[in-house]
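Protein chains: 2
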Amino acid sequence: MSTPRFKKDKEIIAEYESQVKEIRAQLVEQQKCLDQQTEMRVQLLQDLQDFFRKKAEIEMEYSRNLEKLAERFMAKTRSTKDHQQYKKDQNLLSPVNCWYLLLNQVRRESKDHATLSDIYLNNVIMRFMQISEDSTRLLKKSKEIAFQLQEDLMKVLNELYTVMKTYHMYHSESISAESKLKEAEKQEEKQIGRGDPVFSIRMEDKYQRRSSVKKIEKMKEKRQAKYSENKLKSIKARNEYLLTLEATNSSVFKYYIHDLSDLIDCCDLGYHASLNRALRTYLSAEYNLETSRHEGLDIIENAVDSLDPRSDRQRFMEMYPTAFCPPAKFEFQPHMGDEVCHVSVQPPVNGELILRFQQLQSRLATLKIENEEIKKTSEATLTTIQDMVTIEDYDVSECFHHSRSTESVKSTVSETYLSKPSIAKRRANQQETEQFYFMKFREFLEGSNLISKLQAKHDLLKRTLGEGHRADYMTTSRGRRNSHTRHQVDSLRRLWGAVLLALPVLH
Amino acid sequence: MSTPRFKKDKEIIAEYESQVKEIRAQLVEQQKCLDQQTEMRVQLLQDLQDFFRKKAEIEMEYSRNLEKLAERFMAKTRSTKDHQQYKKDQNLLSPVNCWYLLLNQVRRESKDHATLSDIYLNNVIMRFMQISEDSTRLLKKSKEIAFQLQEDLMKVLNELYTVMKTYHMYHSESISAESKLKEAEKQEEKQIGRGDPVFSIRMEDKYQRRSSVKKIEKMKEKRQAKYSENKLKSIKARNEYLLTLEATNSSVFKYYIHDLSDLIDCCDLGYHASLNRALRTYLSAEYNLETSRHEGLDIIENAVDSLDPRSDRQRFMEMYPTAFCPPAKFEFQPHMGDEVCHVSVQPPVNGELILRFQQLQSRLATLKIENEEIKKTSEATLTTIQDMVTIEDYDVSECFHHSRSTESVKSTVSETYLSKPSIAKRRANQQETEQFYFMKFREFLEGSNLISKLQAKHDLLKRTLGEGHRADYMTTSRGRRNSHTRHQVDSLRRLWGAVLLALPVLH
Chain A
1 MSTPRFKKDK EIIAEYESQV KEIRAQLVEQ QKCLDQQTEM RVQLLQDLQD
51 FFRKKAEIEM EYSRNLEKLA ERFMAKTRST KDHQQYKKDQ NLLSPVNCWY
101 LLLNQVRRES KDHATLSDIY LNNVIMRFMQ ISEDSTRLLK KSKEIAFQLQ
151 EDLMKVLNEL YTVMKTYHMY HSESISAESK LKEAEKQEEK QIGRGDPVFS
201 IRMEDKYQRR SSVKKIEKMK EKRQAKYSEN KLKSIKARNE YLLTLEATNS
251 SVFKYYIHDL SDLIDCCDLG YHASLNRALR TYLSAEYNLE TSRHEGLDII
301 ENAVDSLDPR SDRQRFMEMY PTAFCPPAKF EFQPHMGDEV CHVSVQPPVN
351 GELILRFQQL QSRLATLKIE NEEIKKTSEA TLTTIQDMVT IEDYDVSECF
401 HHSRSTESVK STVSETYLSK PSIAKRRANQ QETEQFYFMK FREFLEGSNL
451 ISKLQAKHDL LKRTLGEGHR ADYMTTSRGR RNSHTRHQVD SLRRLWGAVL
501 LALPVLH
Chain B
1 MSTPRFKKDK EIIAEYESQV KEIRAQLVEQ QKCLDQQTEM RVQLLQDLQD
51 FFRKKAEIEM EYSRNLEKLA ERFMAKTRST KDHQQYKKDQ NLLSPVNCWY
101 LLLNQVRRES KDHATLSDIY LNNVIMRFMQ ISEDSTRLLK KSKEIAFQLQ
151 EDLMKVLNEL YTVMKTYHMY HSESISAESK LKEAEKQEEK QIGRGDPVFS
201 IRMEDKYQRR SSVKKIEKMK EKRQAKYSEN KLKSIKARNE YLLTLEATNS
251 SVFKYYIHDL SDLIDCCDLG YHASLNRALR TYLSAEYNLE TSRHEGLDII
301 ENAVDSLDPR SDRQRFMEMY PTAFCPPAKF EFQPHMGDEV CHVSVQPPVN
351 GELILRFQQL QSRLATLKIE NEEIKKTSEA TLTTIQDMVT IEDYDVSECF
401 HHSRSTESVK STVSETYLSK PSIAKRRANQ QETEQFYFMK FREFLEGSNL
451 ISKLQAKHDL LKRTLGEGHR ADYMTTSRGR RNSHTRHQVD SLRRLWGAVL
501 LALPVLH
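As they're listed, the protein sequences go chains A and B. Per full-length UniProt numbering, the first sequence starts with residue 1, numbered consecutively. Per full-length UniProt numbering, the second sequence starts with residue 1, numbered consecutively.
Simulated from the structure, these hints should not be mistaken for laboratory data. It is possible that some hints are incorrect.
Unchecked claim - What follows is a set of in silico ranges between Cβ atoms, one per label pair, in the way DEER data are often shown: (1) His401/A with Glu61/B: 22 to 28 angstroms; (2) Arg363/A with Asp9/B: 30 to 36 angstroms; (3) Met129/B with Glu57/A: 33 to 39 angstroms; (4) Glu185/A with Leu450/B: 44 to 50 angstroms; (5) His294/A with Glu22/B: 51 to 57 angstroms; (6) Lys21/B with Arg315/A: 26 to 32 angstroms; (7) Thr433/A with Ser172/B: 53 to 59 angstroms; (8) Glu370/B with Lys180/A: 48 to 54 angstroms; (9) Phe436/A with Ser172/B: 50 to 56 angstroms.
As the list claims (entries may be wrong) - Dumping the calculated DSBU-like pairs for lysine-lysine here, alpha-carbon to alpha-carbon at most 35 angstroms: (10) Lys440/B with Lys21/A; (11) Lys368/A with Lys143/B; (12) Lys141/A with Lys76/B; (13) Lys32/A with Lys368/B; (14) Lys8/B with Lys462/A.
Even for Gly, the Cβ is constructed at its ideal location relative to N, Cα and C.
Can you make the complete structure from the sequences, with help from the hints?
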């Protein structure tokens, strides 16, 4: 069998040194990485500060513009009659109420964005600054520890080097001691080999040989002792080397697997938590702005829900009583003390009146049927119009879905309302229907006006003919009648408001 | 009894005319009111258009500023190493991820506010314009009807006037006819009164008297007839007057109570409904903007929730493998073919080794107890720090509650974070604790490093002494041992990543 080739001391040392060199290089690299990580953090935190400083400006400008906008229109309305109304009682026409709430909303948005800007500047940015400080400080402290740990590690490696060298030394010595011993043993054998002489022996020769044998034995013993001593030393050195080797590997393992991550954790100490809080402050601000905005919009939505033509009409008529309060009834004015104040039905006029009553009756019947038809048509038309004006075409969510994609915004919006080709046609159609409605409604009014007049006469005749042949000459009855009429007028005027309210929107 | 004083014709006419004059004035007033109402509407709708046009500008400017802001930082980051990483795999350090999402959010806000502006300009304002057109058109049509109705009403009033006059005329006539008749009757009585003569009657006298009696009777009859005729005419006139009076009052009542509100409803036709839709379009846009914004914030919140030191640490170490990958184990290098490669425990060294093993054992016991103490302290300190850095001090809702009142914003914000007098003290306190923690942690590291070294030696000795008196000279065993070590190293390198991940944050 071929004996394996052995590494020379130099090779071993060289290998060891290159291994250590590698490690040292890594240690330097690690320090660099820690520095770099912190640099990146500080840079990120700087960017965040710049970002929020700039955004604070933008929010503040936005807030100012909104404030200006609200102010401009508030000032405009403050002078108006409505506004006096508004100050006096909150009882406004429902569209005007919406308008004021719209302005209030802009104000609220203005205030909230100012608040947002303020929180960025005086809270969020502050936090990022402090996190940046902390990172730098922590890096410094962590690097002190890192430095310490690396020094210890190098110590350990040096120790390994020393014990390895010692092992080499003692091992070589024990090898040389061994070979010297072997050599001594050979010489001894040679001496013994020259043993029994056959012819002519001289006395002095005999003496000389004995003394040299003694010498060789002495030397052999000495070399034996030396060898054992060196052998033991080299065993101990090897043991020490093996133990140190174990310790070294364990230290290296510990450093790379545990200590390094601990070091990184030291740099991180509180970084993520503080960043979390800073960003949550931002989120809290944004979410609160949103909530406030939402509350405002809900208020407007309520006002929009309660846009009501009927109550607005009543408010409108109440605003101008001189124009809309019904006048007093026209009273019968007896002429020159004429004491009869009701229709007389005594002969010969009674026949004529009865005939007239019957004509009125049949005329009314026909008129009512005709007008009922017209009314039906106009009401149907009105319903059509109301369906047209209450079509739910105001949902614009799609624009915002689109706006999340990369598509341009414009294109999407147009879809929602304008580009609906129907829009123009819809309006034309609506106006046509409107036209027709007004025509029908006018017919209906004429009809109903005629009916109301004839009806009044018809009813009066019916009453009086019913009362039949009562004596014309009756002061008391006049008294009664007058008071009766007066009562009607008063109650009519009293009930006016109530009546208005009770009226349906369009008959 | 005293007879009541009768109104003269003139008085009655005067009263009637003033009453009609009043009504006519009201009719004019009503037309004015309708005009005024529409003017107010058109003005309101104009204000709404101006308002939204201006707000659209503000929103667009806001959007542009946000876009610029996002772009500025996006450009900055696009170059960085992180960003390459980002493009490659989405696997970013958690804070960098938050930073990118923050920029995305600004972009989204920018887009959404642009959309908002666009909807204002191309949808909402359009609607208000159309409502304004409609109002004007409807007013025109309604006024036509109003005019018609008012004319009819005036006709009715004129008719009343006429019949009243007729009544007056015929009534006066019948009165005068009556008085003439009475006069004739008186004369007749006078004739009959000159009756029976007592002395000397002449023939021609007798003839003369008879003929005059006849004349008087004839006249009386004529006047009787005239009276009855006029009486009947006046009765009919009064009846006509009473019937027309009834019709008039009914027409007036109808006009004021029904027709007027119908007219106002005609002006309102679709006004409230269209306004409602216009405002709902605005609301829909605002609400959608809000939803989009909210979604964006939620994404950021998730990223903030997943700010994680541990996974960041692993990512960091993986980013620099040359720096953090553990080196190969140091191997035993046999010197000059030394065939023993493990600790020799044969006499005479064994005694010494056993003694050393025992010393290591007891030393380790003490060290471990001491270090455990230090560890406890440092861990406790760490917990304190972690409590400090995770304090929930980021809720800023109060700022927004305040911002709704009239109070200035500044004052309120300061309360939330800065003006907390503790803030400076808190930080000082935190740094002290940090200081102490690092001290303790350093002690702990030193201790544990020593322990790991001694432990390694201890374990090796234990193993070898356990193996006891095995022959030193054993090639096979060496072979086994070496392969064993090699295996360890390989697996260790393989497991590295896993190990790192498994590590707790700070031991």
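* Which of the listed hints are broken here? -> Every hint satisfied by this model.
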